[in-house]
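Guided by the hints, dock chains Z, G, H and Y onto chain C, whose structure is given.
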Amino acid sequence: MSHSEHHTERNNLAGGIEKNVGVLTQKCYQCGKCSAGCPVADQMDFPPSMVLRLLQTETPENDDKVLRSHSIWLCIACEMCLSRCPMEIDIPSMMDYLRQSSRTEKKVNKKAKNIIAFHKSFLNSIRYTGRLFELGLIIDYKRQSLNLMQDVSLAPKMISRGKLHFIPNMIKDTGHMARIFKKTSKK
Amino acid sequence: MTNLINRAKELLENGTVKVVIGYEAGPTGLARPAFITDPAKAGKLIYDDRCVQNLAVYLTKAEVKNLGKMAIVSTLPVMRSIMMLISEHQVMGDNIVVLGISTEKELLDIADIGVMKGYIEKCDLRNPEKDRETLAMLNALTPAERFAWWQKEMEKCIKCYACRQACPMCYCIRCTVEVNQPQWIPVQANPHGSTEWHILRAMHLAGRCISCGECGRACPVGIPCHLLTMQLADQVNNYFHVHAGTSDNMTSVLSTYEPNDKESFII
Amino acid sequence: MARIGVFVCHCGENISATVDCGKVAETIGKLKHVALSTEYKYMCSDPGQTLIKEAIKEHNLTGVVVSACSPRMHEPTFRKACAEGGLNPFLCEMANLREHCSWVHEKNELTTEKAIDIVRTQVEKVKLNSALQPIKVPVTKTAMVIGGGIAGIQSALDIANCGHKVIMIERSPSIGGHMSQLSETFPTLDCSQCILTPRMVEVAQHPNITLYTYAEVESVEGFIGNFKVKVRKKAKSLDEKACTGCGLCTTKCPQKKIPNEFEQGMGMRPAIYVPFPQAVPNRPVIDKEHCTYYLKGKCKICEIVCPTKAIRFDQPDEILELEIGAIVVATGFDIKHADFFPEYGYGRYKDIIDGLQFERLASASGPTSGAILRPSDGKVPKNIVFIACAGSRDPAKGIAYCSKICCMYTAKHAMLYKHKVHEGKAHVFYMDIRSGGKNYDEFVRRAIEEDHVNYIRGRVSTIFERDGKLFVKGVDTLLGAMPVEIEADMVVLATAGVANSGAEDLAQKLHVSYDSHKFFAEAHPKLKPVETNTAGIFLAGACQNPKDIPDSVSQASGAAVKVAALFSQSELTREPLVAVVNRTSPPLYSTCVACGMCKPVCPYQAIELEEFKARDGRVVKKAARINEGLCQGCGTCVAVCRSKSIDLLGYSNNQVYAEVVALLNDY
Amino acid sequence: MKTGIYPGCSLTGSARDYNESVFALAEAFGLELNQIPDWNCCGATAAHNLNKELSLALPARILAIAEKNGIDEIIVPCAACYSRLVVTQHELKKNPELKNRINEVIEMDYRGTSKILNVIEWIDKYIIPVVAEKTVKPFNYKVACYYGCLLVRPNKVLNYDRAEDPQTMDVVMTKIGAVPVDYPYKTECCGAGFSVSRTDIVSKLSGKIIEDAEYRGADAIIVACPMCHSNLDMRRPDINKYWATEYKIPVIFVTQAIGLAIGLSPEKVGLKRHFVDVKIS
Amino acid sequence: MSDFEPKVVAFVCNWCTYAGADLTGTSRIKYASNVKIIRFPCTGRIDFMLLLKAFANGADGIIVSGCHPNDCHYTSGNFHAKRRWIMFKELMDFMGIDMNRITFSWVSAAEGARWADVVNSTVTRIRELGPYVSYKELVNKSVEEEVKND
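Chains as they are written, first to last, in this note's numbering: chain C, 1 to 187; chain Z, 188 to 454; chain G, 455 to 1121; chain H, 1122 to 1402; chain Y, 1403 to 1552.
Don't read these hints as lab results, they were simulated from the structure. Do not take every clue at face value.
[What the hints assert, rightly or not] Result set (SDA-like, lysine to any residue): computed pairs, CA atoms no more than 20 angstroms apart in a straight line: (1) K183(C) <-> K1296(H); (2) K1296(H) <-> F1150(H); (3) K1215(H) <-> N1280(H); (4) K183(C) <-> A1253(H); (5) K343(Z) <-> E1546(Y); (6) K1067(G) <-> R237(Z); (7) K742(G) <-> K752(G); (8) K763(G) <-> N736(G); (9) K182(C) <-> E1174(H); (10) K27(C) <-> R911(G); (11) K1076(G) <-> E275(Z); (12) K1409(Y) <-> N1119(G); (13) K1189(H) <-> K110(C); (14) K110(C) <-> L1171(H); (15) K19(C) <-> E1212(H); (16) K183(C) <-> K1173(H).
Isolated chain C (complex conformation):
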């Protein structure tokens, strides 16, 4: 029985993060080193340390702000924050959790549309072929994001360099892949 188990289980994001990711948001003492090193902090509505501060307040309003933020989708998982955090707070894993919560609660920030579209296309690609089919990914992404003209100039050069295949490189046991996807999809 640890000291912290005294407290009743918290029904908020910080509680969920502690339970599912094992990250204690209270550990953060707002030194800001994560925000200072984050490559995309300047694009974010809340830099990483501010996300932690919002979570520390444990209020529904601030939890909501976090789940609706653009920040959680801009995190590239480069892990710079974690490698510099004096308290070793696993912000990247926390961000993974926040992204998943944001989708479950249907609070995804509109600006993250393209990012999610890309991730979905990526997983779609491997769901059926087992391996990433880059051309298929691009086509599917364009369909999902409606960015139809993006990167059209890139293709000819890729083809001439032998870097773009027209037929997917599939694994043999595609059924296995499908089962893995099915079993891990949210019940």
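Okay, now just chains Z, G, H and Y, sitting in the frame of chain C:
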């Protein structure tokens, strides 16, 4: 054998020793310990396959000690016992003449403790082969099987303490079992009391047992209690790279230490 | 017939909040031989103690169990109370209901049941206690102070001024410690050396102080009042009596490029050297690792030029064996060198330095004679960044604790810089400004308000160099973690204060505890801050945790008083918790058979074999005997004795056996 | 010791050049590289962004197949795949319950016995000891070694080099004659998985990385990750457009540099497939 | 079985583990109340027979804990204890007596949280192992025998 008799006779005749401790044939033909003080009776001494008892147990007995300087017919276990007894201040090296017997049953020329040390070092100091086999068999069992195996043995124990009496290393004038403030070992011969007695005895012989097996031979109900002390003798060598009874100034493994002693169970 | 009194303490609510004290007292009251079982709110208070004293008389008690806090806290208190009530103090035991029960468990029946078990166990133990008389041992009235920094100096002077002999050991060639390296001191900005050097000289000249520099503790044996300390005086390759300290050798030595430790590597020194001009003693030593003669067998220029022929190349180390009554440990601290932070580029970029290096730069006696100049090109930095908490409060890469002194010295550094470079800009990245202390916060405010030091709350993420500028990237957390990038000419890292090298080794030699950071541990965090858990060994200064000068000096004086108090008696009484080998009437004399197993286990060489002789002088019996003056009561001999002939007073076989039985069985 | 290789998706497509150089080196040094049979995608950033269990199951399948085929060590040239595989191994070792669950998902018995090596570790172990005798054309250039994120982070899990100012690739490059420059952007992020969805961010971040390498006088940026390569090389036009620059510094895989040093042709190590011309060979 | 509350006795030295357990208290870290502590001056003082006595008197588990190597207040008591426990453990193993029921640990005066961990992990383990039936039976059988003989 003639050499042994001649040597014993000579020692008694020239007064080097007052008594020769050895074996003689008993009325039933079995070998029994002999305490020869008269050179004329030296001819009674025998040494053959029948002679297995560890005679060193008599070295600490007041009745024998009081006879004066002694010679003792010594196989390897006896020699190792003597080393331990000297190390533990129970006998004095220059009070004993060692009539060493080799594995080929030849009389050895053991002039002094130094020579004896050199001889012991060259010997196979492991447990006897038969016991090694039994130990290996037991070590291959699961703990639960071993517990059952030993409990079956313990149920036989009648707490006669023959194992203690036979052991040259059990020379205390008051044994723990005789302490009743507090009563460390239950007095009764029951599985609990017997188990604790045998644990106590084995622990007290850790690093001191010289693998003669006398305790097991002495047991009237056939408990192979020597396996307990022999297992520890193996482990002492395994952990601390020491064989008991190899020098006349041994410190017990349990009263010394190395800072880097290895173990894997202390967290 | 035993008559035991049991007193259950509520400790305010500390115990009673989770333990049903009433039930404990009631249940225990029903035990055989318990003459009285009662409860009270504060047993350690005056009325609480009076309760015990009166009960002893009223109920004719033969033993007392105080069921309260840890015996490590209040055992002496209650034993004294019992003594005052007319009961032998060793007939009093404590049941630890607070630290081991009420504070660590929830409020429920099991907790109260455990409390009952704990008390019952002590009742059964105390029944078997015997009245013991304290042991008296003589006191050697010479103190040893280990470490010659400001804490050691203060302690040594205070003890010496009380009229006692002091031996001071310092491992470097001069006393003075880190304080001698500092430029100015906060919060007054007075010159460090100006206030320190007179004290150093006083140590050297004090008739009661013997100073051994270049010396280290080799081993420590014995106990309070009676330590035997071996000290290794490392060879200085010098006849100190012949040397006049003229310094000619140091100017002629051909080795001149050895990084100077005193200058934190920012200056050079020869192989034969005096660490700094005001060193005490002001005599050189030869650094054998760098001396040409020791390395190659040739040179000896110092020997040739020495006017008094004082050089001794073949001088061996000397081992001193000293009799010491008390020891003050004042070995100080070190700074955590910043190379564990590759993102800050210390060691890669010359213009990133640590706080001690900045002290040397700012010091009038330092390598730049006090001018703030960049190590790379000797230019005056126009823009300087100070980074606080560079290693402190950083369990990931540095240390978890706050180093306490950095906030203040960083403010001082920024101020010194501004006082010397008026047009320059100073920035401080900080976490929280911790400036508790007399005139401390005012000092920091002065830096901000009067010297316009730019304080930015946030941690720096990385520093890199470009065009001779250091790009310092951080954020301002007070502006919502807004990025801040400063092009600095120089960066100073306020690195963490850590335990000095060799602290762990010394602690082990002294048998005193140390914490997980290798700092020496005090006996009690509040009430015994200068004592260690080994009687007769005291702590002074930053060897305990990072401290500033005033704190170090106060603690040093505290330690000195402890030593003086100890030396005020010619003998001291010790707890008689020692091992004894039984004795019986002849012809047995003892059940011990003198197997000698106990002898090598004794860490204090307290066991010898005693011979019993018959009338004719013949030795008829040998048995172990324990010197009660040397025995410290560890009891290892008791556990190895096969015939149970040794017992430990206070933890006898009977007692501990009874404890095991009582703890596991309801009566 | 049976050595396997997990190429990962990029190496079969946009990073064919990297693939070719890895196998060219293996051939030149006589090193066995068994491709893990029927390997699948590791799931990359997408999986752990959207579905944690999937992000562990995909690498676990790869590792389980490797174990089944008796592969003791797996070379993973792609830094992103390397990171995913090692993190999976770490997570499943830490949490036996999760391991059981994942084994259920992948219908295989993953045990976690194979050792995972990144490309530098592979080079260090097998190539560096003998590289000197094979070097015919020392790579006498100033290079900026760019490690990226996932080769060194999360450092405590990967347990490889140090997270800040790492040195292993620099050491490897000195062994073939190169002179590494002091390069503060070694582990800064290039934008990675945003290559398609947020090309603007990639252009911005990668631009800084290229700019600093040029500023420090490097002749080439050396990389060990196909994602870093594609962002710094294939996205060069976007970068130059974003910053209004004309950066021409080539981006070369560490394996390609070694290949050139031991006398392999630019075609053989896939240099001709680069978008930014490599003029230095 | 679910309401089985293991009885665990802790044999600890005064200077490190006892003080460490005090620190657990001062830090208000909670742990299982099944463990009861007996204080010894040093682990060197702990007679191996006491461990057997604890089992004989109904303990289901035992903790033996003292100073980390090199930290012994008396220099070497813990080193001697270590050798003693090495031998004891080998003998117990050989006789089939369950050593999973004994935790040997080093807990310093500074390791309050660690003490709680040691206690909790031991209690959890003992809870899983269940009551120490075989040793209890050994004792009970003996008591029955005595009754019969009387």
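Evaluated hints:
The suggested pairing of K183(C) with K1296(H) is violated, with an alpha-carbon distance near 48 angstroms, which exceeds 20 angstroms. Taking the CA atoms of K1296(H) and F1150(H), the gap is about 16 angstroms. The hint holds against a cut of 20 angstroms. For the proposed pair K1215(H) and N1280(H), the alpha carbon gap of about 15 angstroms is at most 20 angstroms, so the pair holds. With a C-alpha separation of about 51 angstroms, the suggested pairing of K183(C) with A1253(H) is violated against the 20 angstroms cut-off.
Of the supplied pair hints, the one linking K343(Z) and E1546(Y) holds, its CA atoms being roughly 16 angstroms apart against a limit of 20 angstroms. At most 20 angstroms may separate the alpha-carbon atoms for a hinted pair to count; K1067(G) and R237(Z) exceed this at roughly 42 angstroms. The suggested pairing of K742(G) with K752(G) holds, with an alpha-carbon distance near 13 angstroms, which does not exceed 20 angstroms. Proposed proximity of K763(G) and N736(G) is supported: the alpha carbons are some 17 angstroms apart, at most 20 angstroms.
For the given pair, K182(C) sits about 11 angstroms from E1174(H) by alpha-carbon distance, which is consistent with the 20 angstroms threshold. Between the alpha carbons of K27(C) and R911(G) the distance comes to roughly 18 angstroms, so the proposed pair stays at or under 20 angstroms and holds. A threshold of 20 angstroms between alpha carbons decides the hint, and for K1076(G) with E275(Z) the separation of about 12 angstroms falls inside it, so the pair holds. Restraint check for K1409(Y) and N1119(G): satisfied, since their Cα atoms lie roughly 11 angstroms apart, inside the 20 angstroms limit.
Pair hint K1189(H) plus K110(C) does not hold up; C-alpha atoms about 45 angstroms apart against a cutoff of 20 angstroms. Straight-line distance between C-alpha atoms of K110(C) and L1171(H) comes to about 16 angstroms, which keeps the hinted pair within the 20 angstroms bound. Between the alpha carbons of K19(C) and E1212(H) the distance comes to roughly 16 angstroms, so the proposed pair stays at or under 20 angstroms and holds. Of the supplied pair hints, the one linking K183(C) and K1173(H) holds, its CA atoms being roughly 12 angstroms apart against a limit of 20 angstroms.
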